[in-house]
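Chemist: The listed protein sequences derive, respectively, from chains B and E. Residues in the first sequence are numbered consecutively from 67, following this note's numbering. Residues in the second sequence are numbered consecutively from 67, following this note's numbering.
Hints are supplied without guarantee of correctness; some may be wrong.
What the hints assert, rightly or not - Straight-line distance between alpha carbons at most 30 angstroms, and here's what the computed DSS-like set of lysine-lysine pairs gives:
(1) B:K351 x B:K266
(2) B:K178 x E:K526
(3) B:K178 x E:K351
(4) E:K526 x B:K130
(5) E:K178 x B:K526
What the hints assert, rightly or not - If you anchor each label on the Cβ, the simulated ranges turn out as follows:
(6) E:P254 x B:Q196: 33 to 41 angstroms
(7) E:R571 x B:R565: 26 to 34 angstroms
(8) E:G432 x B:Q196: 55 to 63 angstroms
(9) E:G469 x B:Q419: 57 to 65 angstroms
(10) E:R172 x B:P357: 14 to 22 angstroms
(11) B:E169 x E:A183: 57 to 65 angstroms
(12) B:Q419 x E:E558: 52 to 60 angstroms
(13) E:A183 x B:P357: 49 to 57 angstroms
(14) E:G401 x B:S400: 52 to 60 angstroms
(15) B:N247 x E:R172: 28 to 36 angstroms
(16) B:A326 x E:Q196: 28 to 36 angstroms
(17) E:D534 x B:G469: 22 to 30 angstroms
Rather than coming from a laboratory, the hints here were simulated on the basis of the structure. Here the structure is a predicted model, which is why all the values come from computation and not from measurement. We put the beta carbon where it would ideally sit given N, CA and C, even for glycine.
Protein chains: 2
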Amino acid sequence: MNGAESLVHTLAASGVELCFANPGTSEMHFVAALDRIPGVRCVLGLFEGVVTGAADGYWRMAGKPAATLLHLGPGFGNGLANLHNAGKARSGIVNVVGDHGLEHMRFESPLKSDALAIAGSVSHWVRSCQAADEVGADAAAAVRAARDGAVGRIATLILPADTAWGAGGRAAVAAAAAVPNVPRDAVPAIARQLRERGPKALLLLGAGGSASAPAQQLAAAIAAHTGCRLMAEFYNARMPGGRGRPRIGRIPYAVDAALAQLAGIDTLVLAGAADPIGFFAYPGKPSRMAPAGTALLTLAAPQHDVPGTLQALADELGVKPAAVADTPPPAAPSGALTPESIAAAIAHTLPEQAVVIDEGVTTGRGLAGAMGGAAPHDWLAVMGGAIGWGLPGAVGAALGAPGRPVLALEGDGSAMYTLQALWTMAREQLPVVVLVFANRAYRILQGELQGVGATVSGDKARAMLSLDQPALDWVSLARGHGVPGVRVESAETLVKALRDGFASRAPWLVEVAL
Amino acid sequence: MNGAESLVHTLAASGVELCFANPGTSEMHFVAALDRIPGVRCVLGLFEGVVTGAADGYWRMAGKPAATLLHLGPGFGNGLANLHNAGKARSGIVNVVGDHGLEHMRFESPLKSDALAIAGSVSHWVRSCQAADEVGADAAAAVRAARDGAVGRIATLILPADTAWGAGGRAAVAAAAAVPNVPRDAVPAIARQLRERGPKALLLLGAGGSASAPAQQLAAAIAAHTGCRLMAEFYNARMPGGRGRPRIGRIPYAVDAALAQLAGIDTLVLAGAADPIGFFAYPGKPSRMAPAGTALLTLAAPQHDVPGTLQALADELGVKPAAVADTPPPAAPSGALTPESIAAAIAHTLPEQAVVIDEGVTTGRGLAGAMGGAAPHDWLAVMGGAIGWGLPGAVGAALGAPGRPVLALEGDGSAMYTLQALWTMAREQLPVVVLVFANRAYRILQGELQGVGATVSGDKARAMLSLDQPALDWVSLARGHGVPGVRVESAETLVKALRDGFASRAPWLVEVAL
């Protein structure tokens with residue numbers, strides 16, 4: 067058994083079933099081992115950002131890490147932005163990065179790079195294999211490192227080519243990870259605070275708190291019982307929604323709106339969430355969104371069993387979750403494409419148990435209101451703010467939740483960063499409907515330019531924020547990748563396109579003319 | 067004047083005329099300053115790898131650095147692979163990376179990243195601005211750092227948002243860089259060695275040696291006079307070729323072929339070149355290509371005035387460059403598309419003073435023979451081995467050499483990494499003809515799999531190296547980005563497509579069916 071074979075055996079024995087791959091020469095023995103040894107399925111991406119974003123989406127739905135296969139430091143670099151996003155989402159990923167043989171690294175070859183430094187900048191755990199007979203143990207350590215209690219982490223194993231082809235490989239198995247015991251000592255005091263402060267207290271859901279439908283129902287019952295406010299973080303790795311589920315508002319993206327929403331609270335109870343921070347800094351505006359002096363109480367950290375702690379809090383308060391009244395689904399809209407008609411079209415057509423990928427940026431923000439009437443679904447948002455996550459995330463979510471339909475909401479600007487994901491959707495025939503909101507601009511930046519107080523008069527800045535010369539033709543871009551598509555300019559055609567796409571149970575792109 | 071304005075004034079005063087940009091919120095004041103202050107032209111890329119690869123191509127033709135505008139650590143990550151390539155090409159680039167305001171960095175915001183670590187992994191120089199009134203001086207230092215004698219370096223300036231919007235900016239100017247004096251003490255001894263060793267000596271051109279047509283002619287005359295061998299490195303940042311220019315072989319990519327070519331030498335004279343190293347390591351094969359015990363003599367390092375040193379060597383030897391006999395251009399080919407007919411079609415149609423971008427990978431390697439009969443041109447190769455450089459490099463080369471036609475040779479696998487560059491070509495209406503060699507495979511890896519001795523029998527490895535399910539439709543991909551194109555399946559239609567493309571003096575893509 068060579069080192070590469072021990073790596074594949076170890077991944078398979080440790081529960082890693084999928085490898086998103088973009089291989090190069092230094093990974094050829096790993097490719098050969100994946101070929102020979104059953105247990106790890108390979109999915110090819112034509113760009114590394116597809117590979118890493120897919121691994122993020124996969125973790126969020128499957129709850130277990132995928133491996134990635136990347137090619138030296140520059141290949142890792144191409145996947146870095148979506149690993150940043152995955153780290154912020156607390157997704158677990160095991161990156162395998164091929165590198166030059168240890169002897170060859172002394173020389174200034176073209177692809178020589180500092181893979182440890184590049185990988186270290188966004189990995190929670192990184193190790194470079196030093197011998198073929200240690201690769202199995204190193205891989206088991208990587209799989210263990212990709213999990214931190216209830217959430218995941220970025221683990222990167224650098225595999226020099228000679229440790230892959232060298233003899234003496236020994237397979238290993240990663241021990242199962244345990245979710246740490248919840249520190250329930252704080253529960254009675256928090257229960258008291260929520261009762262006492264009532265509407266001056268905010269119960270804020272994040273990580274496992276927003277990701278679990280039963281936890282959401284418990285939180286809603288706690289809020290109804292104590293009179294406290296209840297919200298979720300602006301971005302959530304996974305958030306169930308739709309009919310029969312409580313409607314939980316999210317802290318707004320815009321700083322002024324967030325400050326207004328949080329005005330008047332003096333107690334903030336974190337259930338898997340972090341102290342709310344503005345996405346960006348703006349001249350003269352604060353970074354923290356909660357009023358100065360607000361007491362921060364941590365009910366559970368993200369790596370804890372957040373639903374279990376909410377249950378303990380509900381028990382302490384004597385609260386039982388109540389059924390949520392069903393909102394009727396919205397009617398099929400007609401007429402012009404507006405934020406309202408787009409939202410209604412999506413909520414009207416969304417199939418049961420769909421997974422929604424939200425990288426719609428400016429357009430996506432307006433949808434929350436209508437989605438309460440949609441069929442029950444999971445909502446996945448880009449977590450680290452690095453755009454180019456959506457299409458790869460949809461690939462991974464579809465593979466992590468087999469049989470469930472996926473809807474990817476994309477800005478045209480954001481979709482361009484990793485459009486190669488369309489090819490993997492076609493290759494794997496994944497049931498993903500992609501809506502591209504074609505406003506032909508970096509619309510969010512047109513707003514941000516005003517938000518930061520920058521004054522602009524000329525054409526140069528306008529040109530840097532506009533994508534209309536030439537216009538991107540998304541139907542052709544999709545076709546080029548092997549994905550059929552259609553452009554729609556009315557609510558009726560949008561409804562039909564969504565129905566057709568979901569019915570096809572295959573990749574399908576809709577360019578929404580804005 | 068705010069910090070961002072002082073930055074633009076400093077760049078313009080220091081000779082930076084172009085900024086390849088992919089902006090985000092934290093760069094809005096820089097965008098506003100670029101808008102208001104004349105002197106720096108902005109070119110938008112829809113992905114950061116386009117931005118950084120274009121800056122590399124621009125340096126190689128313009129001989130001066132462009133700026134890039136990147137968005138925090140993840141944005142830099144997206145540009146990292148082509149900065150790796152640019153560093154290996156010794157291209158000078160001034161990266162401006164927007165970051166959170168200094169106060170905001172304390173908090174765990176979604177886009178918080180370790181920009182210094184990410185940028186530091188591939189930059190020769192990196193600095194984070196600490197105050198608005200220091201931004202100008204920092205920018206001048208960055209421009210200086212982007213040059214090292216005759217070659218360039220990667221300089222990265224991190225610009226926290228509050229140093230951009232803060233008042234008190236002061237513009238500065240980067241002092242002009244000098245090319246260090248050539249250490250000519252070694253010249254007489256090297257002249258003696260070349261005379262004595264004759265065919266046992268190899269004069270190896272790199273950097274300024276291969277990049278200058280007069281230097282090539284001097285080197286050819288020196289080889290003819292002394293009987294030494296003459297070659298260039300396998301990859302060259304810029305290498306003139308075509309009719310009326312000496313034919314200088316390059317060290318082969320394949321290790322066995324390189325070892326065979328260098329067999330029998332005992333003296334290696336480096337003229338801007340480095341000791342030849344294998345691209346990858348292979349089991350049982352050496353990393354160094356020169357025979358063990360070969361004497362290494364450095365005539366000039368890359369940052370020196372390599373052409374001037376070759377002139378000194380020629381003077382020492384009493385050698386004058388002779389005119390090179392003109393090779394007749396090849397006839398227009400007909401019939402099937404073969405490596406030979408493709409090479410003839412390119413050599414037949416290439417316009418005078420074209421710039422050829424070579425990321426053709428397996429197909430590109432076969433062209434060298436025919437190009438001696440082509441019109442005089444410059445040949446630019448990807449230098450760091452990170453694919454995805456070609457299309458962005460073509461954007462930059464076209465902007466760095468206004469009026470000259472550009473031909474980009476691309477593998478279909480490599481072109482997919484940064485295909486968004488097509489949009490910038492269309493937006494700027496650059497005279498770039500793109501040939502995509504559509505073999506629908508990672509053909510190079512199919513060879514490498516055998517090269518490393520990996521044995522494969524099954525479909526999984528084949529699937530990871532094949533791009534045929536589904537086939538990429540390059541004409542649609544180009545159209546989607548606003549670039550017209552055509553697919554050709556014969557030599558005659560390839561010749562016509564090349565002629566049409568060059569005549570259009572605008573972007574044009576040809577999918578070459580292999």
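Chemist: Confirm or reject each hint.
Modeler: Results of checking the hints against the structure:
1. B:K351 x B:K266: 22 angstroms, holds
2. B:K178 x E:K526: Judged against 30 angstroms, a Cα distance of about 28 angstroms means the pair holds.
3. B:K178 x E:K351: 18 angstroms, holds
4. E:K526 x B:K130: Holds, at roughly 22 angstroms.
5. E:K178 x B:K526: 28 angstroms, holds
6. E:P254 x B:Q196: 33 to 41 angstroms: 47 angstroms, violated
7. E:R571 x B:R565: 26 to 34 angstroms: 46 angstroms, violated
8. E:G432 x B:Q196: 55 to 63 angstroms: This hint is violated: roughly 39 angstroms between Cβ atoms.
9. E:G469 x B:Q419: 57 to 65 angstroms: About 58 angstroms separates the Cβ atoms of G469 (chain E) and Q419 (chain B), which means 57 to 65 angstroms holds.
10. E:R172 x B:P357: 14 to 22 angstroms: Holds - the Cβ-Cβ distance for R172 (chain E) and P357 (chain B), about 18 angstroms, lies within 14 to 22 angstroms.
11. B:E169 x E:A183: 57 to 65 angstroms: 27 angstroms, violated
12. B:Q419 x E:E558: 52 to 60 angstroms: Once the Cβ atoms are compared, 55 angstroms apart, the range 52 to 60 angstroms for E558 (chain E) and Q419 (chain B) holds.
13. E:A183 x B:P357: 49 to 57 angstroms: Check failed, 34 angstroms falls outside 49 to 57 angstroms.
14. E:G401 x B:S400: 52 to 60 angstroms: With a Cβ separation near 57 angstroms, G401 (chain E) and S400 (chain B) satisfy 52 to 60 angstroms, so the hint holds.
15. B:N247 x E:R172: 28 to 36 angstroms: Holds, since N247 (chain B) and R172 (chain E) (Cβ atoms, about 31 angstroms apart) stay within the stated range.
16. B:A326 x E:Q196: 28 to 36 angstroms: 33 angstroms, holds
17. E:D534 x B:G469: 22 to 30 angstroms: 27 angstroms, holds
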